[in-house]
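Trainee: Chains as they are written, first to last, in the numbering used here: chain A, 1 to 208; chain B, 1 to 208.
Source of the hints: derived by calculation from the structure; they are not laboratory data.
Accuracy of the hints is not assured; some may be wrong.
Calculated Cβ distances over 12 Å to all of chain A for the following chain B residues [said to hold, decoys possible]:
id	residue
1	23
2	25
3	36
4	83
5	100
6	108
7	117
8	118
9	128
10	132
11	133
12	137
13	183
14	198
Okay, the calculated bits of chain A under chain B, using three or more residues with CB under 8 Å as the criterion [claimed, not checked]:
id	stretch
15	53 to 61
16	65 to 79
17	160 to 174
18	180 to 191
Positions of the beta carbon are idealized from the N, C-alpha and C atoms, including for glycine.
This is what each chain is made of:
2 protein chains.
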Amino acid sequence: VDRPVIEFCFDYASPFAYLADYLVDRDFADLPADIERRPVYLRGFELFKQGLPYSAAKTAYLARDLTRCAEHVNVPVGAPARMPINGLYMLRAHIALAGRPAQELFRKAAFRATWVDGADTSDPEVVVQLGETIGVDHRELAAAMGTPAVKAELRANTDRAIDRGVFGVPTFFIGDEMFWGHDRLEYVRRHVERLACGDAEMSDPDDA
Amino acid sequence: VDRPVIEFCFDYASPFAYLADYLVDRDFADLPADIERRPVYLRGFELFKQGLPYSAAKTAYLARDLTRCAEHVNVPVGAPARMPINGLYMLRAHIALAGRPAQELFRKAAFRATWVDGADTSDPEVVVQLGETIGVDHRELAAAMGTPAVKAELRANTDRAIDRGVFGVPTFFIGDEMFWGHDRLEYVRRHVERLACGDAEMSDPDDA
Numbered sequence: 001v002d003r004p005v006i007e008f009c010f011d012y013a014s015p016f017a018y019l020a021d022y023l024v025d026r027d028f029a030d031l032p033a034d035i036e037r038r039p040v041y042l043r044g045f046e047l048f049k050q051g052l053p054y055s056a057a058k059t060a061y062l063a064r065d066l067t068r069c070a071e072h073v074n075v076p077v078g079a080p081a082r083m084p085i086n087g088l089y090m091l092r093a094h095i096a097l098a099g100r101p102a103q104e105l106f107r108k109a110a111f112r113a114t115w116v117d118g119a120d121t122s123d124p125e126v127v128v129q130l131g132e133t134i135g136v137d138h139r140e141l142a143a144a145m146g147t148p149a150v151k152a153e154l155r156a157n158t159d160r161a162i163d164r165g166v167f168g169v170p171t172f173f174i175g176d177e178m179f180w181g182h183d184r185l186e187y188v189r190r191h192v193e194r195l196a197c198g199d200a201e202m203s204d205p206d207d208a
Numbered sequence: 001v002d003r004p005v006i007e008f009c010f011d012y013a014s015p016f017a018y019l020a021d022y023l024v025d026r027d028f029a030d031l032p033a034d035i036e037r038r039p040v041y042l043r044g045f046e047l048f049k050q051g052l053p054y055s056a057a058k059t060a061y062l063a064r065d066l067t068r069c070a071e072h073v074n075v076p077v078g079a080p081a082r083m084p085i086n087g088l089y090m091l092r093a094h095i096a097l098a099g100r101p102a103q104e105l106f107r108k109a110a111f112r113a114t115w116v117d118g119a120d121t122s123d124p125e126v127v128v129q130l131g132e133t134i135g136v137d138h139r140e141l142a143a144a145m146g147t148p149a150v151k152a153e154l155r156a157n158t159d160r161a162i163d164r165g166v167f168g169v170p171t172f173f174i175g176d177e178m179f180w181g182h183d184r185l186e187y188v189r190r191h192v193e194r195l196a197c198g199d200a201e202m203s204d205p206d207d208a
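Same shape as in the complex, but just chain A (with noise of 0.2 Å):
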């Protein structure tokens, strides 16, 4: 069987994608897959649209379910400079780095900076400085970002998540079959593990 592809859809604003970030990176390198990252656009989801879709109940638990979840797995999660994040410049600018090995120092600067440190990520400014930091010039990064290019693709990533029937991220899919949330990545797994044994039980909706 062909190495199947997980394509992971996230945005820099949500913690539980920064976790299953770190998750797949950690623990997924043994998993006879390829990891295809899409940057997409929160903010452009019916569900974001108006702000997070939290009662203030849910936003509170929110927080503490991802210390709690982090802690679980080891993984160092810190208070973020405001919430919600705004993840626009940074996935622009994940964008911007297509081809290049700064791509995923950027990456894992991004989520670092953003979940761990608190540096005020919305800000496009602390973006450059943060592309600075991992080697990229600053002058060329803040123009690359805002090229029409950079910006129709994150439209394009975000329009087709949506129409795949993405509502939130971290979203995963292998093939057509989708899976949502850090918590389900034991599931991307088993479904990984299965195709490689040629059981392609799990891959068909309607078999359920």
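With the hints as your guide, set chain B onto chain A.
Mentor: Same frame as chain A, now just chain B:
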């Protein structure tokens, strides 16, 4: 240390509460804790007052997720008679049967009827018939479900849950530590096990 109590807030309307109820009965028998179930009315919660707080995409995903989660933990699940389910009459019957062995029989029968057999348990007549199947006289149950005391207890349970920060079900409390979702039952288990070892490390949110 005292034997801890797990308070389990649920509404029959939630398929994930069904899953949690099944798993608690099956998998927590060995846990050194007492389970106290708290029937609460989901439609009394801010997020659910206007119906299900999900986009069409999220609703579709949750159905798939339910199937996948149930399959993973080997719990039967079937298509419901309608969505959303109204748990009101099952909740009132549950409260009306307090202190009797029939309550547990009713709970299992009501969850199963709703989430395995596709019975239309939003209908009070169906709930009363369900009582008959576990040996409760239908006139007696119908009368008990309509008493002011039963209605008041459900309202009080719901208000108290909201005051404690509950925004959906299933929700679990161990003391003031709150856990939401059947997919946090392993966190509930670990919390109880740590308490049993005299390690209260996770019991104070401010420590984290």
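Trainee: Are the hints correct? Go through all of them and say.
Mentor: Checked hints:
1. 23: holds, 15 Å
2. 25: For residue 25 of chain B, whose nearest Cβ neighbour in chain A is about 22 Å away, the distance exceeds 12 Å, so it holds.
3. 36: holds, 20 Å
4. 83: Check passes; 17 Å lies beyond 12 Å.
5. 100: holds, 33 Å
6. 108: holds, 24 Å
7. 117: Fine: 18 Å to the nearest Cβ keeps residue 117 of chain B off the interface.
8. 118: Consistent with the label, residue 118 of chain B stays out of reach of chain A, its closest Cβ about 16 Å off (over 12 Å).
9. 128: holds, 33 Å
10. 132: holds, 33 Å
11. 133: holds, 28 Å
12. 137: holds, 39 Å
13. 183: Residue 183 of chain B not clear of chain A: closest Cβ-Cβ about 5 Å, inside 12 Å.
14. 198: Given that every Cβ of chain A is farther than 12 Å from that of residue 198 of chain B, nearest at about 19 Å, it holds.
15. 53 to 61: Holds, because 7 residues of the stretch 53 to 61 of chain A bring their Cβ atoms closer than 8 Å to Cβ atoms of chain B.
16. 65 to 79: holds (count 5)
17. 160 to 174: That given contact holds, which follows from 5 residues of the stretch 160 to 174 of chain A lying within Cβ reach (below 8 Å) of chain B.
18. 180 to 191: holds (count 5)
Hint compliance for this structure: hint 13 alone is broken.
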